[in-house]
Amino acid sequence: MNDTNRWFRGAAGASLLLLLALPAVAADAPPPARPEQLRFPELRYAPPRAADCRVLLKGGIPAYLVPDHSTPLVTIHVLMRVGPDLAPAGKEGLPAMAMNLLTRGGTKTRTAQQVEDRASALGAQLESDLGSGGGGMFGLGGVPIGPACSRATLNLLAKDVDEGLALLVECLKGPAFEDERVKLRREQELQQMKQRNDESAAIEEREWGFLMRGGSHWTNRWTTRSSIEGITREDLVAFARRYVGPKNFVLAVSGEFDRATIARKLEAAFANWPVPGVNPGPPAAPAEPSAAGWYLVDKDVNQGRVSIGLRALDRFDPDYQAARVMNDILGGGGFSSRLTNRIRSDEGLAYSVRSVFEGGLYYPDPWRIQFQSKVRSVAFAIQIALAEVRRMRDSLVSAQELEVAKSKFIEGFPAQFETANAVAGGLAVEELTGRYQKDPDYYNEYRDRVRAVSAADIQRVARRLLDPARLAVLMVGNAKDILTGDPKRDAQITTLAGGDPKHMPLRDPMTMKPMP
Amino acid sequence: MTTPRARAVLLPAACAFALAFAAAPAAPARRDAPPARGASPAPAIEEHLLANGMKLVLVPRHLSPTVAGAWVARVGSANERPGITGISHLFEHMMFKGTHVIGTRDYEKDVRLIEQQEALQDSIRAELSALRAAQRRGELDDMTKPESKTPRMRELEKRFDGLVAEQRANMVKNEFNTVLQRNGATGINAFTNNDMTVYFETVPANRLELWFWMEADRLRNRVFREFYSERDVVYEERRLRTESTPTGKFAESFDAVFWDASPYAWPVVGWPSDVASITRAQADEYYALYYQPQNLTAVLVGDFDPKAALALAERYLGAIPPGARPAPEMITMESRSLAEKRFHGEAETNPAATVRWHTVAFTHRDAPVLEIVDGLLTGPAGRLRRSLVLKQGVATSARAAHEPLKYEGSFEITAEAKEGRTPEEVEQAIYGEVERLKSEPVGADELQAAKNRYLTAAYRQLNSNFLIGLRYAVSEGRGDLHGAERIEAAVQGVTSEDVQRVAQAYFTKEGRAVAIWTRKGGGAEDPELAALPPPARERARAGLARIRAASDPEKLQQMLDMFDQMGAQMPPEAKPAIEYLRGKAQARLRELSTPKP
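Just so you know, the sequences run in chain order A and B. Per the numbering used here, the very first residue in the first sequence carries number 1; after that it's consecutive. Per the numbering used here, the very first residue in the second sequence carries number 1; after that it's consecutive.
Chain A with its partners taken away, still in its complex shape:
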């Protein structure tokens, strides 16, 4: 193992190049009149490569090791393919509860309180959860594992890494699931469930999931009071024994260390695992097509939340990059996108308006336009959004739009790997979710693939994916006001929808059955 990391070496190289290339600035020369007249030195940037960071520990656990000497901290993420899809029928919530309690329910030799006290004394963060990891505010510090995976994370001072690592491994090897902690977790889950109809955003998210993936899909198997109350300590122990083991681990490790030393430590810590663990493979795709049509949930708030979309494609589809660029021009690119320009800047109808297309990690996930507008202007804003969808199909994007969208992806690429945690976590997730195996050159070829997208590709993809007849439109807000609309505008929901939208009842928060 070589201690110098190619990625950071590359970065330092780029920096030096810049230093030499920066033109001497004459303080008295007037700045150019337009930013386009500025000349920039070339930035040579090589993205991180898995081969330079990846180590296969004895025992077969892949580990991505990225040193960073800027602060004396070490972060260790143990990533697992553990998702809600693994819950037995009637035990919905078991995977999330098991993952949460891995580090919060004690071990074979220490009580939960002793584990917490020790972590606290070290100033360490020791935590575990299912499906989190989008990255916190501004996308920093997390690991984008998606909804079907879990992680256990340790972050502490490098000087304490031996003790911390031992503590983390002890939690994962023999979680005790103390009764008191199981009881508390149950109570917390039930408290959270009671809030399911409080926020219009939560209602929208939930109903959108039902429309897009159907009630039978694992993403829509919601916890209920009875499923949560039915989870026993024995269930938790059995679940952890099955899935928490080396065969289901990918490690992402970053911070103050040298690679050889940390690899040795990890190898020792993760040796002699009591059970091999099972990697359950990719989660099941939805069995039914996404719903089409118009849907309305009545919730007495003065701003309507709107989602428009359909299931599109996964990230292995040959049209994936063209679809990303298309989406960026339509609504994914913030202030350079058409939906933002029309709905927000021109009309002042929404604060947040965007379209999201991430490509499914495992199977086609929804493409979705999302915005929020005062209830009376919901119809007018939807009318504009649908017109923009049609325009994307009917005409070619301009050369300038294409150029802006592509250079955004190409020039902004280095920012994706700004921190060591982003490199280690990003690469580890590639392996965890399967793109490393299927498309190992993804990051290396990323910019060329984006460069290759043409205006004709974009129109072809828009025609292939954005079929107006297949779209679902979901609105959540004060139904009466949404249907009344704004007298100043010539837009009505009933006209747009060709009739009344389907009124969807709220669900009982504790049973998730539709309420009468």
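When the alpha-carbon atoms are kept at most 27 Å apart in a straight line, the in silico BS3-like pairs for lysine-lysine are as follows:
| no. | chain 1 | residue 1 | chain 2 | residue 2 |
| --- | --- | --- | --- | --- |
| 1 | A | Lys194 | A | Lys513 |
| 2 | A | Lys183 | B | Lys575 |
| 3 | B | Lys520 | A | Lys513 |
| 4 | A | Lys108 | B | Lys391 |
| 5 | A | Lys488 | B | Lys145 |
| 6 | B | Lys520 | A | Lys194 |
| 7 | B | Lys451 | A | Lys159 |
| 8 | A | Lys194 | B | Lys391 |
| 9 | A | Lys488 | B | Lys158 |
| 10 | A | Lys480 | B | Lys520 |
| 11 | B | Lys149 | A | Lys488 |
| 12 | B | Lys249 | A | Lys194 |
| 13 | A | Lys183 | B | Lys391 |
| 14 | A | Lys480 | B | Lys149 |
| 15 | A | Lys480 | B | Lys249 |
| 16 | A | Lys247 | A | Lys173 |
| 17 | B | Lys145 | A | Lys480 |
| 18 | B | Lys173 | A | Lys488 |
Derived from the structure by calculation, the hints contain no laboratory data. Treat the numbers as computed from the prediction; the structure is a model and nothing was measured.
Using the hints, position chain B against chain A.
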């Protein structure tokens, strides 16, 4: 309690008002005492004062070929006054609207159109003034409804829309963002809070000069295009974050209850009436006062050569003409609270209690001690969780937060009531822990652990260019560029006596405001109901909802008869639920039979 979920701000330059950086290290000990060397994890920084009085902070960091650039205007909602609340935040939006050269095809034409729009807006304002008077007289229930508009108003709006269309044809839409995005800039955004407005983006390291060009250009040559449609956007932001969330409006109201004299009493996004009425002339005046170079500090973190960056800064930012007079000082100080304040929020939220005390400003010598108090109470091993959640079982979650702002500070504890327990019980349990802080010295191990956690949390804030930039921008905005490292140094010297002294000084009855949260239409769940076995509880809950909804005594009597019959037939384990419902139905019947005064 509903806690706002962290949402990724995917819309660039969208601006989040009142962004809370909960873990941001804060507060210096004494202004005259330099931070002890080695006691703070702060990186090496360079500070410069440009020729025009603008400050520049440089933090070279060569880990990735990117530079995070930010600048802070030392102005926030605390600098506003009634009538223009929300103007600082509106400003933040307007700063993305372009300049003499960015965002327009013909600047001269732009100026003409803006003047014509202003003249029309004067007439619209006269109409609005009449509507306001009509609403005050009770002739209108809501002047903001589309139906409330007068025919003249509609006519004026139509003419105004025509001018907007003409202006739009002359504009290059959102060019500020587009130029940056095309050059690989990411995270283009800004936020406003009570004390400051911060603008930021990350650029590829070879595009540093572009950052200077764009920022200097908008500071010097900004044009407030689309001013009035952007006001609508801000109102949508208010609806999104405040008006259509379960506790948004309540939280705003609680702030207004908590502060007496301080301008922290009003929301950063502004009162609805004010946001809708701010004029461009007011905005221009505000800009001249608070966006002059002497009131700004730029922070660059990342892969650059400090010498080259300083030269660029002098050339671009240093060339902005200084303001004629310094920005006015915010004078108003919160007066000493005389009495406990109580607030009862019935909202779509779980029952909970919030207690908030007046404390100290960011630069106050006691701020580091309050950070430690926060640390002792919060977290997996913190006292709140150990006592309220695990030992007493009165709450399911609890947290504390110390918020030292530029002029004043507060300390808040919130805990959510466990099923079957009341918010009032939670409140008492909170006081129990506060009394412990006052009366018992903190053990050496517990105190050291809190210090260790503070240190690692501080290091975590130094994880990326952006976070480092934010740390200095926020410290500067709160009144001391070195505030974060001063407090990091001071925290390590906090003693057990300090903790007791500070708890006694600030956690007083008269110094607090208390919010009791109950579920709208529900209230805390009855302990009797909570004690029933799960399947029976579910049925009892459904029955209870029917009983509560019943308004006809006859129907209730029928229910009671039915319960009597069922009670005789049911197996013994179902009886408690039936008995429970019987009691509730009888109580409801009594309630309905009592004549209303």
